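Taking the hints as your guide, dock the two standalone chains into a single complex.
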Amino acid sequence: MSNESPQEDRFQSFVSILIATVTIIAATTAFLQAFAGNQAAEANRQAQELSLQATTKRVTGAVQFSYDWQGAFQTWREIDLQIIHAEQEGDTLAIERYTELRDRVASLSPLLGPPYYETSVNWPDSARYEADLYIVDSTRLTEQFTAQAELGNAWDDIANAFVIQLTLLAVTLSLYGLSNSLKSWVRWLFVFVGLSMVVFNLGWMAYLLIAPLPELPQAAIEAYAQGVGMAYQARDQEAIQYFDQALSIQPEYANALYERANSYFYLGDYTNAAQGYEAALDAGRDDTSLGWNLGWTYYLLGQFDDAVSINQQALTRDPTLIGLRMNQGLVLLAAGRFGNAEVEYTRALEEAARQVSASRAAGQEPPSSLWFYLDAGAADLESLLDTLNGTPKAWTQSPPASVISTDLSNLQNDALGYIRGIKEASASLEYTGQLPGLSSNAMVPSMQAGEKIDDDAGNFLRYDITESFPNGTNDVVILFDYSGMQTGQSEIWKVYVNGFEDPSLRVVSDWKLEDTGSAVKQITFAYSNVFVFTPGEYVVELYVDYHLMQSVKFFVEE
Amino acid sequence: MSSARFKAFASVMIAVVTVLGAAAVCLASVAANQAGNADFDGVTASIKAQEATMLSEITTYEHYRAYTTYYRYNELGNLIYDESLKPEADADRITALGELQRQVWGMATGLQYNFFPPRYLNPDGTYNTQREFDEELAEAAQRDELNPDSYFQLSDSLRTKGMLFAGVLIVLAVAFWFFNAAEITNNRAKFFFAAVGILLTLGSIVASLAVQFFF
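Protein sequence lines, in the order shown, are assigned to chains A and B. Mapped onto this note's numbering, the consecutive letters of the first sequence carry residue numbers 1 to 558. Mapped onto this note's numbering, the consecutive letters of the second sequence carry residue numbers 1 to 215.
Chain B with its partners taken away, still in its complex shape (with noise of 0.2 Å):
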């Protein structure tokens, strides 16, 4: 190969390396501007689920401050219905503790209907909280995405992503300085450093194929 045609071979690869360096660093950029939306939108996520396990709290606590109320009533009921069955409760007394017992009772079956769900009374009488809060969180699982994880894990993956490009780049910044410095040698040395920056430009290459359909 002729001095001037191998000099005009470099410069043409000088200009692949720069179009290949240009393009590296448009894909890094979209990668960047991807992880940044999958971040948003795992915020997004994060805040969503952070607002669905205050409310499920908040619900679950206003039903089980209502169900103390029918607890205390309904307890009550039940110790003046033993008290009226003990030998020292009078005729009168046990009057009195029967309009009372009707009452207390009233006002626990009252609280039961309207204040808190009853699905979540236990076979004991207790209330579960726990199960309540569950599937208040799980409803609103139903309307929102409120799982973060899957979006950072996809941010994460893109950072990489755009990293590698930003590496790739380095690769053809040396290629571009091995042909460089092919053209302005002009002994044997330009057809080696010609050689190093055809394949550090092939490994770019492939290695951003690589990236961008495996990554």
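Next up, chain A with everything else stripped away, as it sits in the complex (with noise of 0.2 Å):
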């Protein structure tokens, strides 16, 4: 029997009814603190499966699409071409044997056959195959492994938030067990302290079990993955009605705002792009392809300081992205903020260089990548004079003359110089690792394009200068003069067709003629009897000791 006071009494009463009140909130919350931790279990696991899944079949979609490509059209291909080889010589009898051959050996590949099969250009429709075959369903399992992988993060955090109310409620206990030893107005104090830790883990429970959970609709995943299907295909005003049924669904899926705007991007909607990557950005998608593309779209639309602001963002998150530094250079060229586009071109070769030498010091290599985009840093800068000039190609990228308002002549200037040194850096930097060193006593005062004449008999007669060659050319002539050479200098020619160039036609070599005439050299597909130059720009280009000697374009007609 006690000895208190009846005073004492209630109020050991009283906290002994609270702790066990506690006690019973404590058992709730544990047992939603199981069942939280208990769904983001399986949500993170199902976001494993997903995960593999998708990977899996990405890498046999990959493998089997290998096989058709480089195993079944690689041999198709084959067979055609001694066909055609087969028609050269008129052999009928050998014509029909290999079309025989042929047709058989498309048997072995859906990809050789309807629907992918365009006999109208008589090549397979290789993008809309792959998506068919694992480029929409490897995309639908990632999306939902993403979907599944955001599920189990927030009832993860569930699960905590609810750990720390476990923790909470045992504070609010130790108080009350603590008021019970206290004679005082201070254990009204611990009560009262205790009650409100309670009442607030009570409405912080509450907000829990009522907060909606991050859930990515299946009609909206599967409209997304289709609409990534239809944009692999170059399809992208059927890819945009996909995403747009996506993002009816769920208007905040920031991965369908992306794409849908890459799509508005390559149909040439650079305002909707913009609208579309911002919404992106603002729905959650915060990565560097998404402001590199941003600020390329800026750009175009001539809104330089748009694009120079989201570009340093890029850059600042990732600074040796030497395809987004040259961005950078050309936006602040545009804008007539010389002395700043010059900084950037020139820490973008440095990085070049820094990242080549770095690779070749550890025994790799540095990406692919880097060689595209020092291509494409001075494809843009062509690109942006050809538009200055009057005279844009078909493959050119750049904002309208109208919103350049800049010193026309000093842009010109800075370009030019600009493209060389991306060139030779380029050059120099594939073959030996590091910069150019300083030019040489080289010249090459003059470069044409010519046609080599025989004689009904095969002889040379002479060379024919021109800048325009018929279709059906095989064989076109490189004359040149120069001065100053040495022999064993590295010799480098590239040729760039419709702004690209085509590695295949690079020649490498070591310089061999004297040190000063005149030389001639030959672009051919004339050791064949299939193959000819397909119309368009050529641009030839030689190098000597990685410094751009000279270069001269032609045109192959339609």
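Treat each hint with caution, since some may be false.
What the hints assert, rightly or not - Partial chain A-side listing against chain B, Cβ under 10 Å, derived: (1) Ser13; (2) Gly71; (3) Tyr98.
What the hints assert, rightly or not - Away from chain A, derived, C-beta distances all over 12 Å, residues of chain B: (4) Phe9; (5) Thr95; (6) Tyr113; (7) Asn114; (8) Pro117; (9) Pro118; (10) Arg119; (11) Arg188; (12) Ile198; (13) Phe213.
Stated by the list, open to error - Distance windows between CB atoms, simulated: (14) Pro87(B) - Thr55(A): 55 to 61 Å; (15) Ser174(A) - Ser11(B): 17 to 23 Å; (16) His85(A) - Asp82(B): 19 to 25 Å; (17) Gln313(A) - Ala138(B): 50 to 56 Å.
Derived by calculation from the structure, the hints in this document are not laboratory data. As the structure is a prediction and not an experimental result, all values here were calculated from the model. We put the beta carbon where it would ideally sit given N, CA and C, even for glycine.
So, in structure tokens, the structure goes:
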């Protein structure tokens, strides 16, 4: 029997009931914590499974497509070339034989039959085949994985919140226990603080129970995956319809906003593209690709300040992005901020040299994209100059000349210098791992394209200089004068077709001629009876010791 | 029962309920731990299954690539043979075709023996990639557990078990509340509180045993 006063007994009874009540709340919290933990574990497990399945789908799809393309189609194509050869030779029986063989080989892969083989262009629609084979499926699985992972994270957060609540309830129980051993008003303070914590916990618990979880509807994922498949086939209008469908179900679907923006971009609708990228950014997609694309779109729209700002954000996150840094230089150049542009181009080339040097020092190779971005950096500058000169090409991407209000003379001078610098750096880094050294005395003052003319007996008559060659041309000669050459100097010939280098036509050798004179370089498919130059613009460049000596342009007509 | 004896009884029941609560937490924890292990085993099986799928696909298409070359030469030999029978083929051509035919059939035969298993050749000369893939996968299943579903079902079951023990904990907490109420009450209501507490405790014990042994 208690010896305490009745008032003390009442207090202790009151605290006992409080403790028992808090115990019930704690047990309920523990139950909810276990529930949330289970949900998190299940979601994370499903995310792991989906991730594995997505990887497997992509790998097995790539394996199968590798066979379809380089097993079946390559064989088909080899036989097709044998047919062309037989046609050139007029061997009817061989034509029949190889045509029949080619048709039989076509049965080995779905890629070589309807609906993937396009008879109108005599070439399979590989993008459509890949989209059907694995792109759509693996995209769906990847999105499902991402959705499950986000759901798992959300449940993890909830479970962790319940753990904190349990800790607070333990503190509450401790306060109530202590209050029993106190006699003064302080014990009521302990009771009040404990009650406050319980009320806070109950409010928090209620919020956790009613707060929505991040859920991505399956229908939105399906529409998104179909959209990605269409975009992969460059069917951007249809892709946009699918992305619209996904966004009508889930308006804040960041990936759908981003991919729809990409499709708008490829359709040349830069305004909608920029708005789409901004919406994707607002929806939570914040990565380098988005910043890169948005910066480039702002540039094409002539919003140079916005472009500089978003490029800078992406560069701050990853300063090693050579392509993006050259974009930044290009934007600054177009905006007339010549000093800043020079800084960016210089840093881009230094970064390229650093990456090549570091890779080679580690016994590795730099990423292949490095060479692509260096080429693209020069091509973008050429596009800007072509636009300003009123001679844009089919492949030109640049802001309209009307939005460039800077000193054009300065811009052109600087751009030409950067183009040369980038091209020389690219050639030198690729073959020496270092930026080019000082120029030698070598000079190539003139370079022209021409055609070799023989008589009926096949004896050489002359070279006819021309800039334009008829369709079907399979042999072009480059005539040039030179001086100051030294035997053994590096000599590189590069050929650009419609703005992009054709690496199969690149020639790398050492200089073997005299130090001064005239020479002819042949660019030819005449060694076969099958190939000719495709129609378009050709630019031939000669580098000596990695310095661009001279270039010449010619056209092959449609 | 005197008031002192009743309070002692209520105190003992509070202690019993507390011990039972601790036991329920312990069993829930064990179940959660076992569920985690089952998940791990399931994911391991899943990884092995995906690995086996990829390797089987690679192997099959490696062989199919070799078969494609075989098929090309074999069919070319057949076509050359047909061509040599055509009336427009003269003697020189027939001789040349015969030589070419032996050459390409020789290559086809060489490929057949070394670069793909001829077992998967169908009677019509086509290659059964699906059969080879399925056999490769079945072979991998002989070596490793590739089915994660049984592990994941076990894991789900154990998680539910853990949840049920956590639920029992709530019931025990309510029983704890009633025993407390019984202890501090001096009128006849204390018997009602104690009775409810006892019922809840007994119910919890039965539920725990059912979960432990029958779930």
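Those earlier numbered hints the structure runs against, lowest number first: Those not satisfied: there are none.
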